[in-house]
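Since chain V is already given, all that's left is putting chain F on it; use the hints.
There are 2 protein chains.
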Amino acid sequence: MRNLIICVLTLVSFTAFAQSKDFNQYVNPFIGTKNMGHTYPGATVPFGMVQLSPETDSVWYEHEGRYNKPVYRYCAGYQYEDQTITGFSHTHFSGTGHSDLGDFLIIPTIGDLKLNPGTADKPESGYRSRYSHDQEFAEPNYYEVDLLDYNIKAQLTTSNRVGFHQYTFNSNDETHVILDCISNIYNHKEKNVWTFIRIENDSTVVGYRQTNGWARTRTVYFAMKFSKPIKSYGHKKYDKSIYKGFWRKFDETKNFPEMAGKLIRAYFNFDMKEGEKLKIKFALSPTSTRNALLNMNAEIPHWNFDKVKMDGQKLWNEELSRIEVETLTKADKETFYTAMYHSFLGPITYMDVDGSYKGLDQNIHKAKDFTNYTIFSLWDTYRALHPLFNLIQQKRNSDMIESMMAHYDQSVHKMLPIWSHYANENWCMIGYHSVPVIADAIVKGTYEGDKNAALAACVQTSKQGYFDGLKYYMDLGYVPEDKNSSSVSKTLEYAYDDWTIYNLATYLGDTDIANEYLKRSTYFKKVYNAESGFMQPKLSDGSWREEFDTMSTHGQGFIEGNAWNYGLYVPHDVATMVEMMGGKKKFSKHLDQLFTMEIDDHHIAETEDITRDGIIGNYVHGNEPGHHIPYLYNWTGDDWKTQERVRMIMRTMYSNDIDGLCGNDDAGQMSAWYIFSSLGFYPVCPGSDEYAIGSPLVKEAIINLENGKTLKIIAKDQSEKNVYVKKIEINGKKINRNYLKHDELMAGGTITFYMSKKR
Amino acid sequence: MRNLIICVLTLVSFTAFAQSKDFNQYVNPFIGTKNMGHTYPGATVPFGMVQLSPETDSVWYEHEGRYNKPVYRYCAGYQYEDQTITGFSHTHFSGTGHSDLGDFLIIPTIGDLKLNPGTADKPESGYRSRYSHDQEFAEPNYYEVDLLDYNIKAQLTTSNRVGFHQYTFNSNDETHVILDCISNIYNHKEKNVWTFIRIENDSTVVGYRQTNGWARTRTVYFAMKFSKPIKSYGHKKYDKSIYKGFWRKFDETKNFPEMAGKLIRAYFNFDMKEGEKLKIKFALSPTSTRNALLNMNAEIPHWNFDKVKMDGQKLWNEELSRIEVETLTKADKETFYTAMYHSFLGPITYMDVDGSYKGLDQNIHKAKDFTNYTIFSLWDTYRALHPLFNLIQQKRNSDMIESMMAHYDQSVHKMLPIWSHYANENWCMIGYHSVPVIADAIVKGTYEGDKNAALAACVQTSKQGYFDGLKYYMDLGYVPEDKNSSSVSKTLEYAYDDWTIYNLATYLGDTDIANEYLKRSTYFKKVYNAESGFMQPKLSDGSWREEFDTMSTHGQGFIEGNAWNYGLYVPHDVATMVEMMGGKKKFSKHLDQLFTMEIDDHHIAETEDITRDGIIGNYVHGNEPGHHIPYLYNWTGDDWKTQERVRMIMRTMYSNDIDGLCGNDDAGQMSAWYIFSSLGFYPVCPGSDEYAIGSPLVKEAIINLENGKTLKIIAKDQSEKNVYVKKIEINGKKINRNYLKHDELMAGGTITFYMSKKR
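Which chain is which? The protein sequence lines are V and F, in order. What the first sequence shows, in numbering that gives the first Met the number 0, is residues 0 to 758, in sequence order. What the second sequence shows, in numbering that gives the first Met the number 0, is residues 0 to 758, in sequence order.
Just chain V, with the same shape it has in the complex (with noise of 0.2 Å):
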């Protein structure tokens, strides 16, 4: 069946890309849905508003008195392993290693009513049903499972704003539809603040909740329609917040139009058929109810379910396409599409229709002329993720940007984002990566905006005296540990940031800026001890503090990261660092050290966010700040440990299966370091225009540019073995350096690699 939507599907549309290919055969939505990926099953449309994914078991519930949610797990609503589905909810994070959303859970059930989720080991205590994967099934946009304590099967699809559920039921038992308006994603429990539903007609539910999670002040609103009128139906409140109005009135918990409360369950009852269909169409938006039916009649005006699905596959192949590979293997094919699926999933857009959305000053705003993006993690991504964007997603990225400014207009702070989130600023790490996504986007050409805007909005960001230490680290040139936590992270990732400022003010031509922050680009140097040869902690009094473990993540002046790795960041000014440690052959050594030294039980426990599967001797690929380190044997000489260490760990770290992700996918950031490695080069300084080369793991690569453009990659004798990179030659002429320029990407053409299995 599927097969053959594609074919219809190839047979009317016709775009620049190679739209005859389907490349949503390799992607596998479960990679990464064991463990720490972090990663959801369900059906959503590349950068959609709504992700329509099963919740195995991320729902509050209480158990021998006490309430039980291992959250950190649950991140993206789901685990491979668990027994039960709870339902199915409309927002999920991909891959982020913190939780929230979970917004709108909804579950068919049969039989007696039951409010409560149940538990995972009494899944009849409640409305949770038992499923296994062997009647379950995920591809791009569409998900379905067989709910087996109910016989109902389960299908889901969605457009950007709406998500679209089937039920086919397979008895003549009383029907239910659970929308559990408490159920959430979060570590704590009290998170819900404001629910409203309101029953329009026999089909149409509307409503919105606002939640205290880890964005502070957040309102999803939904609009909600049966293909079937709705029978009867109810709710259960489980809070106090009162009602008034309602004595000597009404019964309000049954048939009575309007909810309203902290905490509620409402429930839609429907005479259902052996083999009938239950179709539900479920918007979203960020600003209203009103807007919400707006887009659930814009997108999906119909009831066919097929062409729902069809119409978001065909999106997906669409974006999969921009870059084709011919691999070793079909399971590298099917990690490198599903890298590339999961890089598409965020940022994710907010705005309805029309372009409303609401701001960060609780505000609606309307988007004049661009895409509003929200669910920025730019920690994770500005290292790899917006990069890859400004290779292949170069007009949206520039809409991502265009947010940005937004949120920095917005902001009471005047910052841009840190991580945006749905109209709050969660604040999460370090740093102001905004900055380095926006000089990245400038230096690459990639931003239709305001360029002078955003250098100026990058300075202001810079200089808010009251974030995150910044002040001490403008007036002593770093963060002072016995003043702010993480104070060597930090002062390297402002280090960092304020030289793509630099970058950026000269590319711009403003002298003075560029000057100003040249100077603060240099301030990693006060964080390394010559001594030690580590950078590492400082008083406010500029002596090293005394207590310092290398090995430990915690409280050693570092966050998610130990000195070994994190310690290593200076991206733009890798030459100063090599120098500084004492020299290329020196600085070789002591990445030798890294890959290959032991690492006890001990400091694994307390690395977060990965397990033993995502560390290469005391090397983390699992979580960030190292993702550069592999290439930075390019600046020692030995360019071929480069080339060695990034296909060992594209083979190690990476795979088709569930457990395919070796940590947190981090909003796309881990598949997107996939996606550059896989293609032989990879963006070491984002804000600079150059691409450190490694070594490809494709026997060949098409990459189909916005501007027309094709770029082709070839691995010359690629195989397994033959991982280094003896001569690379763009369009027939060798080149006899180490790194590629974005230009000579975006040129189109052919670059070759010469592979070898010797070094």
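Hints in this document: simulated from the structure, not taken from any laboratory. Hints may be right or wrong, so weigh each one.
No copy labels: a pair is met if it fits in one copy or bridges any two.
[To be verified] Only pairs whose alpha carbons sit at most 27 Å apart, straight line, appear in this in silico DSSO-like list of lysine-lysine: (1) Lys188 / Lys239; (2) Lys640 / Lys585; (3) Lys243 / Lys470; (4) Lys188 / Lys235; (5) Lys698 / Lys332; (6) Lys470 / Lys253; (7) Lys413 / Lys235; (8) Lys413 / Lys518; (9) Lys152 / Lys227; (10) Lys188 / Lys236; (11) Lys235 / Lys470; (12) Lys188 / Lys33; (13) Lys235 / Lys121; (14) Lys413 / Lys243; (15) Lys227 / Lys462; (16) Lys482 / Lys243; (17) Lys462 / Lys230; (18) Lys236 / Lys482; (19) Lys413 / Lys253; (20) Lys756 / Lys720; (21) Lys230 / Lys413; (22) Lys482 / Lys253.
Keep in mind the model is a prediction, meaning the values are calculated, not measured.
Coordinates of chain F only, in the frame set by chain V:
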């Protein structure tokens, strides 16, 4: 100073009305602030969105381990006998018997920062201050008081949507302005749902608060500007709502420009010198902080306190000048114009200057060509307040009906408002009394909108079966007491409301509807028990409920009235009721008995909303169900008894003193009764175009009609003892009936009452 301002005012203003006269001088905003009147003394403009007024003890506080708040006393926030002021908040009901509002309490303090309100008996334990009535003054749109504990003079005035504070400091101490977003008027302390505050710059603060009070889902947005830069600021959060973002980043509590949570008190510090003034503009909006700022800038683009005060007072003088009266005493004039003042305090404007408002569906709407109003306390106000508007506020009343129609359009119940309140339906009290308001306006030619649409809305409203026993009423012809409480009151009010639909349909020529509702209008007969001679509760099997106490207000089939009072509610067919109850003579005696019988303390105690002061015999003037009763003698041939009674009621139930209202003013209904009765007539049956004649209290009145005509009322030989009307002439022509027609009033001219001491 006041006289000077008004003098200036009269020089610059010119309207059709008597602008050279100062009617404001007769208004005493303190009338009704003692005991049950539930009026507030603060500043507001006619029908204004902001009611900026002191709170004397309406703040929940913990005292000796218990939460204290005798909330019913504080429906309007202020009780005259209290010794302390907790601050000044921006929204207040006038005269209601139910509490809510009290948004955004502000108080300036000096010395140590105290963020708790403290207790009445230990004011120094918190931010509240002692005050004295000797240093307190109020007039329309102006309130001033000395905060004795801080030696600060507080002056308040408003425009429609903006409160303007002026604080004069008399020392050089450290100064704080507290913005207490926990403070609220309501009877449960869990009212606060969410508060959001942003410090936009050194003098501008915006935010909003969502509450779950009497209105279930209510959000008010604000913008606040100080006349002087904030020196420093901070807040304390009293709840456990979380803000993950700020960890490691900020001290959120001090000088951090974003605050959010459930329970927040903020403070702003200033350096003030002796004699220096701090001014605060505080704008409200129903839709957004952006529009709150828009409202502020549109209405008060300057810092001239006196101009704002004067502009508002000019508006008041214009409104009050709609009726110019000469009275027997100055006290009467004060009572009269304060009644006018109280009648014009609501419904309140509920839209931004650009017409935006939040609808019942929680979406933002724009009012097209009308002013949108909210706070419709219709069970109270349909009786005399809206009829008064049909005489002297026709344009506004038409807009109020337009607001009701908008409410209807947005209602998921497809019902006109019952008690509409800031985008909420409070469902308070019984009946569907938008219907008589609409019918009254249409048959009197006031409503400018689509009359047939209005009729359709009335019909639809009256058929919502799940509403308050209505299905039983439609099926059985009465509400059965075993199925729904207050069944007799509901039956009587429904039957009356239905008569107004009949009359409206007749007026619009819809015979089918007219016939249907004429039948429904007779349903009052079904609850009359000829054996007992009373309307009394009937069960669903058709039998009378055995237990029946004609004196009790509780559980006897009535609400806020007993069988003696509420049982006489057949305003649309008094003649039939009189006949049914034994004929004119017997009915007249029945009324005599009502006004003279003894009532024991037990029954007094259970009578709601009033004290013994509001009772004459068993007649309760302090509540609405009996307001038409004094006029019923007109249907018995004993018109003189009506004349005697209404004069007696005006003398004993009203005065120009602080306790001059014998019960809740009920959003102007008590006052509107007084105004009509003072003029010599009263709308016993709104929805008809007739007014029953009573006995005027004024010596003379000039009613400046919106049609440009002038109606003069002359009470010839008026005196304290001459309460009987011997003759009435319209334009010199004697009439031989005891009612006036609306057209006769609107035609202008002169109505002369010939008064006598002999009946």
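Identify every previously stated hint that the structure contradicts and give their numbers, smallest first. none
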